[in-house]
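K.L.:
Residue numbers (the working numbering), protein chains in the order written: chain A, 42 to 311; chain B, 42 to 311; chain C, 42 to 311.
These are calculated hints, taken from the structure and not from any lab test.
A portion of the hints provided could be inaccurate.
Each pair may be met inside one copy or between any two copies, as identical chains are not told apart.
What the hints assert, rightly or not - Below, in silico cross-link-like pairs of lysine-lysine (DSS-like), each with a Cα-Cα straight-line distance of 25 Å or less:
1. Lys119 / Lys193
2. Lys151 / Lys44
3. Lys43 / Lys184
4. Lys294 / Lys198
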Amino acid sequence: MKKPIISLTSDFGVQTQGVGIMEAVALQINPEAKVIHLMHGLPDFNLHCAARTMEAVTYMPIGFHVCVVDPGVGTKRKPIIIETGRGDFLIGPDNGVLIPATRFLGGIKKAVEITNEKYMRKPVSPVFHGRDIFTPAAAYLSKGIKINGFGKEISPKNLARAPYEEAKAEGNKINAKVISINKFGSIHLNITHAEWDKFNIKLNSFVALNLGNKSLNLPHSATFGDVANGEPLIFKDDYGKMEIALNMGNFSKKYSVSIGDECTIRKVAR
Amino acid sequence: MKKPIISLTSDFGVQTQGVGIMEAVALQINPEAKVIHLMHGLPDFNLHCAARTMEAVTYMPIGFHVCVVDPGVGTKRKPIIIETGRGDFLIGPDNGVLIPATRFLGGIKKAVEITNEKYMRKPVSPVFHGRDIFTPAAAYLSKGIKINGFGKEISPKNLARAPYEEAKAEGNKINAKVISINKFGSIHLNITHAEWDKFNIKLNSFVALNLGNKSLNLPHSATFGDVANGEPLIFKDDYGKMEIALNMGNFSKKYSVSIGDECTIRKVAR
Amino acid sequence: MKKPIISLTSDFGVQTQGVGIMEAVALQINPEAKVIHLMHGLPDFNLHCAARTMEAVTYMPIGFHVCVVDPGVGTKRKPIIIETGRGDFLIGPDNGVLIPATRFLGGIKKAVEITNEKYMRKPVSPVFHGRDIFTPAAAYLSKGIKINGFGKEISPKNLARAPYEEAKAEGNKINAKVISINKFGSIHLNITHAEWDKFNIKLNSFVALNLGNKSLNLPHSATFGDVANGEPLIFKDDYGKMEIALNMGNFSKKYSVSIGDECTIRKVAR
Numbered sequence: 042m043k044k045p046i047i048s049l050t051s052d053f054g055v056q057t058q059g060v061g062i063m064e065a066v067a068l069q070i071n072p073e074a075k076v077i078h079l080m081h082g083l084p085d086f087n088l089h090c091a092a093r094t095m096e097a098v099t100y101m102p103i104g105f106h107v108c109v110v111d112p113g114v115g116t117k118r119k120p121i122i123i124e125t126g127r128g129d130f131l132i133g134p135d136n137g138v139l140i141p142a143t144r145f146l147g148g149i150k151k152a153v154e155i156t157n158e159k160y161m162r163k164p165v166s167p168v169f170h171g172r173d174i175f176t177p178a179a180a181y182l183s184k185g186i187k188i189n190g191f192g193k194e195i196s197p198k199n200l201a202r203a204p205y206e207e208a209k210a211e212g213n214k215i216n217a218k219v220i221s222i223n224k225f226g227s228i229h230l231n232i233t234h235a236e237w238d239k240f241n242i243k244l245n246s247f248v249a250l251n252l253g254n255k256s257l258n259l260p261h262s263a264t265f266g267d268v269a270n271g272e273p274l275i276f277k278d279d280y281g282k283m284e285i286a287l288n289m290g291n292f293s294k295k296y297s298v299s300i301g302d303e304c305t306i307r308k309v310a311r
Numbered sequence: 042m043k044k045p046i047i048s049l050t051s052d053f054g055v056q057t058q059g060v061g062i063m064e065a066v067a068l069q070i071n072p073e074a075k076v077i078h079l080m081h082g083l084p085d086f087n088l089h090c091a092a093r094t095m096e097a098v099t100y101m102p103i104g105f106h107v108c109v110v111d112p113g114v115g116t117k118r119k120p121i122i123i124e125t126g127r128g129d130f131l132i133g134p135d136n137g138v139l140i141p142a143t144r145f146l147g148g149i150k151k152a153v154e155i156t157n158e159k160y161m162r163k164p165v166s167p168v169f170h171g172r173d174i175f176t177p178a179a180a181y182l183s184k185g186i187k188i189n190g191f192g193k194e195i196s197p198k199n200l201a202r203a204p205y206e207e208a209k210a211e212g213n214k215i216n217a218k219v220i221s222i223n224k225f226g227s228i229h230l231n232i233t234h235a236e237w238d239k240f241n242i243k244l245n246s247f248v249a250l251n252l253g254n255k256s257l258n259l260p261h262s263a264t265f266g267d268v269a270n271g272e273p274l275i276f277k278d279d280y281g282k283m284e285i286a287l288n289m290g291n292f293s294k295k296y297s298v299s300i301g302d303e304c305t306i307r308k309v310a311r
Numbered sequence: 042m043k044k045p046i047i048s049l050t051s052d053f054g055v056q057t058q059g060v061g062i063m064e065a066v067a068l069q070i071n072p073e074a075k076v077i078h079l080m081h082g083l084p085d086f087n088l089h090c091a092a093r094t095m096e097a098v099t100y101m102p103i104g105f106h107v108c109v110v111d112p113g114v115g116t117k118r119k120p121i122i123i124e125t126g127r128g129d130f131l132i133g134p135d136n137g138v139l140i141p142a143t144r145f146l147g148g149i150k151k152a153v154e155i156t157n158e159k160y161m162r163k164p165v166s167p168v169f170h171g172r173d174i175f176t177p178a179a180a181y182l183s184k185g186i187k188i189n190g191f192g193k194e195i196s197p198k199n200l201a202r203a204p205y206e207e208a209k210a211e212g213n214k215i216n217a218k219v220i221s222i223n224k225f226g227s228i229h230l231n232i233t234h235a236e237w238d239k240f241n242i243k244l245n246s247f248v249a250l251n252l253g254n255k256s257l258n259l260p261h262s263a264t265f266g267d268v269a270n271g272e273p274l275i276f277k278d279d280y281g282k283m284e285i286a287l288n289m290g291n292f293s294k295k296y297s298v299s300i301g302d303e304c305t306i307r308k309v310a311r
């Protein structure tokens, strides 16, 4: 049998003790598991960015994927497990953060509220569900415990809503949202490759971008090298969404962009 | 036999080469070991913060735990191994950084100075004992080499002192120290849950905090969600100590708190 | 058979999703491999710093070492594999970043351009060769696929040049370059221990350093503790090069040093 993959994502500081402890807890419950740190250091409590990161699970093996970004820690929001059509189990708080990923993973097959204390680390800290509820759930699932053993099913329509919907092209424009920004200052939009293809912008032709009070024209390129250093471009990113960047520069700094900002992309007359 | 756990903690930059090389050295000596990065990127040379992080070993499986935070690298301070009552081996410099953890791990069973060059990586760099002395010691211990094989025993009373003692309640007040600050700006004090329980502050009742020239009243809450956004609270953290935070805010920034700062907590009349 | 070691180095943000995904891709192809993160978060596109980090492979077991620092992503620069005299395989872009490491690893035994799509992750993203070309190549090599299976051989003399050569002593001086700066603000020069030994500066005697418009005298010490707090020193670093630092201080901040800066070290009259 292959080693099950458990991935961990959080807004904890990178390589801080919470991260190390979650790995230790997972291995204590299932020494056969392989823990991969998908991402840590996410902007504090930022559901947009966390949800977009969880979409990258698409590029991982089918596994047990934990997300601990939880503005509602210590409130009554539920801890949940979502089983996806592809066969993954997504584990985290019921705050919408797990929903966008399910759109890439074959949808929601089943959702369950975690209430069975048998599969929690005790005593359960009121402030660190990542260690005491979410990671143990992933580890027990990876050992073969069935999802229904953790608690009652929840109808998908009763789950908290996603922090963003996928943008839709409307005629000559798309209203979109900045859902993450990487270390290089490139911004990611809630526009899927498929939606962009429907928008039908030829490679190397230009679109007009409005972002706050700034507006600029930029080409739809295949990759950075297609524009000069310091020039902007929009292109298909490596995780199924549209990305805007400066070649060898920092777009978000130059244009003061923040996660959650809205923008509009328009076709330009030729 | 279960795979032995080796944990690594340092003030090296997160995911920098020193960290990766220590993992490689551990696996070269004991390919069966599982290396967990407990924490890296600790504030440079900060013994308070490092010692508090090592306390979190309590939440890990019994194992071989290395700490490389060493203001005295290249001086005559000894490299040591401490065997704990619980059965862990703590490995690092004799600068007090390993002592607070032993209070949570069943005390010091035995301490040894590492002098046997047979278990060092050669040549031994005068500046990177983490790679050449501490990590190899952990890896050889994890393979079953006995602690007495590394060097002569040291009496615990001859070890360097801890960077902090545990605070004690004195009547209506506790003088405490800030021993770490996390990414969210929450501060951790050297007050154990047990000591706080003796102080006997009812849940949701208020205490007065003096910190430098600032003073404020804040409730003893169970968790963030018990106070409004932006409001302060004191609560039991997830590692056995008391924590002060702002719900959805950054306490240390707002009040300019640094590690090592002293504070006083007083009961308030009702 | 021992588990093969795959190491990953990049200028991605530490513990960001690109890093986690590369680990997942490696394990999907070769579940028996052990992935070590040598370094991430390197300065964006900085070939000096990345090349120097790859030199640290010398301190790792023989393995499959990937470097993803690639100012030319999306241009025509080739993806390559270099087999070293020691038996490692270095995988990355043909931009010189892999060359300095080969000087420490027994030279270049063979170099190959990766063109065989059979060993790529598909579809190949034009912007994330780390995930789709380099990491898969490392993983397939680690499973025993021969280097010649990936594409045509390239003559070493046709590879892109290294970002720096090793400095050479010329009479009473050495012209050198700052090739990396660590979290503590210590700077690393392109002067090997062997070259320094030829320069023949006695331990604890002084040299004169010129760096931009600054000049200072500093001793050749064995380690930090040999000088007072806040004082500068030059010493043999832990990776085969010369390092300049302040004991318990930050040299690069104090003297405003950047990677790529040039400097001159001179013998001083006694």
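K.L.:
What are the numbers of the hints that this structure violates, sorted from low to high?
P.N.:
Number 4 - this is the single hint that the structure violates.
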